[in-house]
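Full structure from sequences and hints, please.
Okay, here's what each chain looks like letter by letter:
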Amino acid sequence: MTKGFVLIDVLSALLIAAVAILLTLSSIALAARTAKLAKDRAIQLVSTRNENVNKRETVFSPEKPEDENFKK
Amino acid sequence: MKTLKNEGGFTFIEILVSMVLLSVLGITIWAGLINSQGLIRKIISEASTSAKILQLDNFVRQYAYKVKIPFWEGKIKTEGGKSSLAIPYLNAECEDMLMFKTSESMLLIGSKKTGQFNAFGPFDDISFQLWEGDGEKPLGIKLSISTGKKGNDQLIIYARFGGNPL
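Listed in order, the protein sequences are those of chains A and B. What the first sequence shows, in the numbering used here, is residues 1 to 72, in sequence order. What the second sequence shows, in the numbering used here, is residues 1 to 166, in sequence order.
Hints in this document: simulated from the structure, not taken from any laboratory. Yeah, the Cβ is synthetic: ideal placement off N, Cα and C, and Gly gets one too. Take the hints with a grain of salt, since some may be wrong.
Here are some of the chain B residues that sit facing chain A, going by a computed Cβ distance under 8 angstroms [said to hold, decoys possible]:
1. Ile29
2. Gly32
3. Ser50
4. Lys112
5. Leu155
The calculated PhoX-like cross-link candidates involving lysine-lysine, where the alpha carbons are at most 25 angstroms apart (straight line), are [as the list claims (entries may be wrong)]:
6. Lys55/A with Lys68/B
7. Lys112/B with Lys55/A
8. Lys36/A with Lys77/B
9. Lys82/B with Lys112/B
Sample of chain B residues with no beta-carbon within 12 angstroms of chain A, all distances over it, derived [to be verified]:
10. Ser83
11. Met97
12. Ser105
13. Asn118
14. Gly121
Given below as structure tokens:
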């Protein structure tokens with residue numbers, strides 16, 4: 001076989017390489033989205049903790065009466 | 001012996017079409033590569049910011065909880081100006097103070113008594129003040145930082161003291 005340069009072979013190799021590169025790029029984009037969501041979640045966590053802190057109040061538990069007939 | 005020999009080759013149109021397809025593919029990949037550089041920078045920045053936020057939040061709440069102001073204290077006396085704040089009664093000791101300082105966009109938090117400070121940041125805009133509730137009694141610390149480069153991501157942390165005056 002003395003065909004030499006086979007265009008179809010080169011094209012198919014390039015196509016496979018292009019698919020591989022596109023897959024890599026899409027995974028980078030997905031990682032970026034995940035990182036953004038992680039930051040939003042962290043900020044949300046802080047605001048939830050702030051709300052919990054705002055709700056918290058100092059509560060003094062009443063003294064428990066030793067006498068069982070206290071209510072009467 | 002019969003040999004495979006294609007003398008015909010490809011037509012000019014076929015080569016032209018394949019070149020157009022290749023160039024479209026190449027331009028797409030080139031644009032994707034350029035875009036991915038920005039995305040990678042964004043990933044590093046966002047992940048780093050998330051870690052810094054969580055680390056700072058945990059540390060501030062943990063340290064603020066160690067401030068235990070006696071219930072008979074009416075108004076505590078803080079020290080410092082715009083770039084620093086010192087709050088007494090860290091670990092329920094009058095002499096020990098919880099200190100907040102800023103230094104070159106870094107936030108330093110630590111104890112005045114031990115002199116050990118932890119650095120957080122860098123943050124674009126840092127401000128801290130006493131968090132006073134409905135009355136004038138201090139409830140904790142209000143810490144405000146900017147997490148975005150444009151200053152639009154303002155994060156406020158309310159950290160409550162372990163003990164408050166009545």
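Check the structure against each numbered hint from earlier and tell me which ones fail, lowest number first.
Of the numbered hints given earlier, those the structure breaks are 4, 7 and 8, listed in rising order.
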